[in-house]
Amino acid sequence: AQTVTQSQPEMSVQEAETVTLSCTYDTSESDYYLFWYKQPPSRQMILVIRQEAYKQQNATENRFSVNFQKAAKSFSLKISDSQLGDAAMYFCAYRSAANFGNEKLTFGTGTRLTIIP
Amino acid sequence: DTEVTQTPKHLVMGMTNKKSLKCEQHMGHRAMYWYKQKAKKPPELMFVYSYEKLSINESVPSRFSPECPNSSLLNLHLHALQPEDSALYLCASSQDDRGWTGELFFGEGSRLTVL
Numbered sequence: 003a004q005t006v007t008q009s010q011p012e013m014s015v016q017e018a019e020t021v022t023l024s025c026t027y028d029t030s031e032s033d034y035y036l037f038w039y040k041q042p043p044s045r046q047m048i049l050v051i052r053q054e055a056y057k058q059q060n061a062t063e064n065r066f067s068v069n070f071q072k073a074a075k076s077f078s079l080k081i082s083d084s085q086l087g088d089a090a091m092y093f094c095a096y097r098s099a100a101n102f103g104n105e106k107l108t109f110g111t112g113t114r115l116t117i118i119p
Numbered sequence: 004d005t006e007v008t009q010t011p012k013h014l015v016m017g018m019t020n021k022k023s024l025k026c027e028q029h030m031g032h033r034a035m036y037w038y039k040q041k042a043k044k045p046p047e048l049m050f051v052y053s054y055e056k057l058s059i060n061e062s063v064p065s066r067f068s069p070e071c072p073n074s075s076l077l078n079l080h081l082h083a084l085q086p087e088d089s090a091l092y093l094c095a096s097s098q099d100d101r102g103w104t105g106e107l108f109f110g111e112g113s114r115l116t117v118l
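So the protein sequences, as listed, match chains A and B.
Letter 52 of the first sequence, counting from 1, is numbered 54 in my numbering, and no numbers are missing.
Letter 110 of the second sequence, counting from 1, is numbered 113 in my numbering, and no numbers are missing.
Next up, chain A with everything else stripped away, as it sits in the complex:
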């Protein structure tokens, strides 16, 4: 079974600075998707960024980028120019890309990010 580990329960960063959230995962599959979801106090889970495992290039979405190290099974999220609206719980998640049995999205335990004004 796949597992996702987020070793940082809480992180804080000064507004406008850069922060990196860590995520490692364990899988025997070669084809899969990795995601970072954000859950603010309003509680809706919002997709921040997605990475396909077969793509070597790291995904970027505006101020958000990932460092995907497939061999090391590492998938960290970098947030540049942090803004107050970035304060939230961030979940790393894994999903198989297999033809069958791919319905499950496996979440890490989350990292609570605080932005200091």
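It should be emphasised that the hints constitute simulated quantities derived from the structure, not laboratory data.
Quick reminder that beta carbons are idealized off the backbone N, C-alpha and C, glycines included.
Be aware that one or more of the hints could be misleading.
What the hints assert, rightly or not - Derived contacts from chain A toward chain B, CB cut-off under 8 Å, selection only:
1) 21
2) 35
3) 45
4) 46
5) 47
6) 56
7) 106
8) 109
9) 111
To be verified - Within a straight-line C-alpha distance of at most 35 Å, the following computed DSBU-like cross-link-like pairs (lysine-lysine) qualify:
10) B/22 with A/106
11) A/80 with B/41
12) B/22 with B/43
13) A/72 with B/44
14) B/21 with A/72
15) A/72 with B/39
16) B/12 with B/25
17) A/72 with B/41
18) B/44 with A/57
19) A/106 with B/21
Assemble the complex: chain A is given as a structure, and chain B must be docked to it using the hints.
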């Protein structure tokens, strides 16, 4: 329309009540999910419907009864719940066919309190 809509947003019920949570999406997604989330924890998968058929039941107690009347609607019927069932219940949908990108789209959740 990229929304998953859940109603009600808040629900308080007694242990003998029968209530339902509703979820709706109009993105043409073929898979729909129920998750349960306790405070400061990640969501836990409860049920998955794929093409309107139940494909995953994560050994959820029978006091939770899912229903998928059509591809756009997902219900969760609640009966004889326990106080420990109090949680945020999240609905999600996913395309899961041609053009699949793997991501799930989540609703805002229904906050359930069982007294």
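Notebook entry, point to check: What hints, given by number in increasing order, does this structure fail?
Noted result: Going through the list in order, the structure violates hints 1, 6 and 14 and respects the others.
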